[in-house]
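Please build the complex by placing chain R on the supplied structure of chain S, with the hints as guidance.
Spelled out, the chains give:
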Amino acid sequence: MGVSSTTVIEPQSVRAALEAILPRVQKPARYLGMERNLIRKPWDSVALHVALAFPDTYEIGMSHQGSRILYHLVNRRADALAERTYAPWPDMGAALRRAGVPLYTLESYRPVADFDILGITLQSELNYINIPYLLDLAGVARCAGDRGETGPIVLGGGPCTANPEPVADFFDAILIGDAEASLDAILDTVRDARREGAPRLELLRRLSGIPGVYVPRFYRWEPGRDDGLPAHETLDPAAPLPVRRVWAERLDPADQPQTPIVPFAEVIQDRLGMEIMRGCTQGCRFCQAGYWYRPVREHDPDIVAERMERQARETGFEEVGLLSLSTADYSQIGPLVHRLAGSLGPRRVSVSLPSLRADAFSVRLAEAVSTVRKSGFTFAPETGSDRLRRVINKTFTNADMLRAAESAFASGWNLIKVYAMIGLPTETDEDLEELARLAEQLVAMGRKIRGRKVEVKISVGCFVPKAWTPFQWEPFSGVEELGRRIRLLRRRFHRIRGARLSWNEPREAALEAILSRGDRRLGAVISRAHDLGAVFDGWNEHLDLKAWERALEERGIDVETELGERDIRAPLPWDLIDAGVRKGYLKAELRRSRNEAATGDCKWGHCYRCGIPGDGKDIRLAAPKLPPPPEDAPAVTSGTPNEHGHTVPLPAAGQPAQQAAVYRKYRFTYAKRGDARFLSHRMVMDALERALRESPSTIPRATTPTSGCPWARRCPWVPKGSPSLSTSSAPPP
Amino acid sequence: MEAINALLPGGLEILDATPLLPGAPSLGKLADAARYRVASLPERPWPHDPGALPPEIRSAVNRWKRDGDGTLRLELALRSPTGSAPSLKKVLMALGVAEEELPSVRIVRESVLLRRPKSGAPSRSEG
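Top line first, the protein sequences correspond to chains S and R. Going by the numbering used here, the letters in the first sequence line up with residues 1 to 733, in that order. Going by the numbering used here, the letters in the second sequence line up with residues 1001 to 1127, in that order.
In isolation and in its complexed conformation, chain S is listed as follows (with noise of 0.2 Å):
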């Protein structure tokens, strides 16, 4: 049931309600906007509105690098702004539905239907449920179909555009590719449409004359023709086909966010996000992203550090992420960590290199930057089985990450976390045999360097077929068979002492593989499974694949079907799009795996065809603007811990020698009013570190406050968005 777009709701009322509402539902801070840096402009100040929505928790949406792209994006320019609303949680949709109050924006509280263009960011297929709760919550109508000349242009992008096709009836219009390459173009067109008072598809028609603009309700895909193929068709003569994807020939600075918002509340991801990448060739057979984000394009060093080391004061954060697909990889990833660990590791703030290779450079970079903390040490090689690691095209061995591995250990790493996949094209059970062994090689080598206190955990995620890759017309493996794999190796990793397994729950991996694969038929499905009580697939206490089941069969899907193989010859949903790479290509790596053919990195200079015009020349490396690291550097924060344990830097060479910080505890006193009710007791005492890190006339350190700290456990009880107005507390020693 959605919320009725008749009535005029002013951003007021919309505040007024959330006094009411907030105290009874669970984490209330993420519906208030409660956060440093976001933007506020005055409705009546820009001609352009656009609400920014992404069909996840807040935590979730806030850790999104490409929503605060977005958000900059839009921002900048003087005639538009952006907000920002996020899934609501099922108990505050309820809320908000009880009380008549509808999806509204963080910054504004004015109601999401108010806006020009309603952007929806489609990062997993198991968001997609969250697009009718979305709608419904705002007063849109959910098809696209059925909206009137009036209420936002529903507008869809994201990395599930590979495949649109699912939740193409939802959606006007679909951006394929890089907001950076065509969004600007969008924002104009729907500002003048508006403006000239243009009708509904008026303005369709001009928005799909936009390279990388997709119109769903100009084509039509027709499932079994005469000749029993199906194929698409478009409806208006201003419809392209294919679709082709754009992108960003270059990686402008001035697109990234200048002042990140900082978040109050809690979120997944709690640090300061900055892309140094887009784009990898390695060439991972199952990797949709591999395959979509094509060329690489990387960031210059130079601004990049320059920047997050302005933005690390600027914020407080403690942590700092070097946001790539394949970290190691950037070509100045050497020079750059050299710099950061530098400048950030004295303030107390780490570096964090997710996406790292399994091998020993990226053991010297993790330990380049580890002077902070030495959480685990990640690695993703998919498989335990060279074999199976030479269809998917990963190119390194058993060996050599045990290599590696013995580098981490030696460095002092006491975990190592393994990635790994099952149901991969081949697989067998003696592939997953040797992930076992692989993991018990792991722990006998750990254990041999550093004892007993070693640990590795296996985490286990089932193989999906995705759009764009090789791998597009495998298979799913199917659940009771992956149910099964799961089985042998929980039995065997019972006998490893040392070891953890983890694994996906098959049942969603089946669901996304549905989504990731349908056609037009799905986005009946969808809205049915939603209408069921379907939400929140993504979380393991909301995900009713009954719900789901229903679904479908009310819909006539035939779920094995759509799970099976695909037939090479036959014409796919995503065919409508023109993803720059080949379908050509695809097919021949696809035909390379089964011979376990190894396909090369073209970052270094071979172009294999992929279909990315310029012959490798749309690559753009960074220049090496940074000095490298000498080869006999010490490590950059290496020295003796004083006595509060904090490492004091080596002198440079006929430097003299710095004095050690002198830290003293000190009792705050602080009053808790306002919005600032609704934090938890965590909530505060984060930003209250935050604040003390970022304020100049402060220590470069403040310690980080636990929920186990003495204080923490005696906080006497007030019910949720109660004040408090003194309150005492102390960072611990």
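Everything labelled a hint here was simulated from the structure, so no lab data went into it. Note that the structure is a prediction, hence the values are computed from the model and not measured. Idealized CB from N, CA, C, for every residue including glycine. Please note that the accuracy of each hint is not assured.
To be verified - Pair ranges (Cβ atoms, derived):
| no. | chain 1 | residue 1 | chain 2 | residue 2 | range |
| --- | --- | --- | --- | --- | --- |
| 1 | S | Q65 | R | T1018 | 39 to 47 Å |
| 2 | S | L38 | R | E1002 | 16 to 24 Å |
| 3 | R | T1018 | S | F361 | 44 to 52 Å |
| 4 | R | E1002 | S | R682 | 21 to 29 Å |
| 5 | S | I303 | R | A1017 | 33 to 41 Å |
| 6 | R | G1070 | S | E541 | 53 to 61 Å |
Here is chain R on its own, set in the frame of chain S:
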């Protein structure tokens, strides 16, 4: 202080910062009592005294005063010689407030009282 407060979310404010001597006891050891102001629920005034409370809860009530407008001013001990002291939630539920009603009760925690270190129990400071 102003510079730090400018970096905090609206409504969160540092009022004071006191340097501590080395070896000062932790805050957890000093927290002694908390003072609350609890608005009454519609047509359900708070009692004039805590006599109706069960003895184990009543023993934690240091102060109980009902204002003219029905607001209850309450001081609750954070420690109990017999173990953990009852929370305000327990007090309210003992007064007949159902758990689902708790979010409707308007409560302000006005202060947390600290014991003065090494000076005996009776002497206290307000934090």
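Here is how each hint holds up against the structure:
no.	hint	result
1	S:Q65 - R:T1018: 39 to 47 Å	holds, 41 Å
2	S:L38 - R:E1002: 16 to 24 Å	holds, 22 Å
3	R:T1018 - S:F361: 44 to 52 Å	holds, 49 Å
4	R:E1002 - S:R682: 21 to 29 Å	holds, 25 Å
5	S:I303 - R:A1017: 33 to 41 Å	holds, 37 Å
6	R:G1070 - S:E541: 53 to 61 Å	violated, 41 Å
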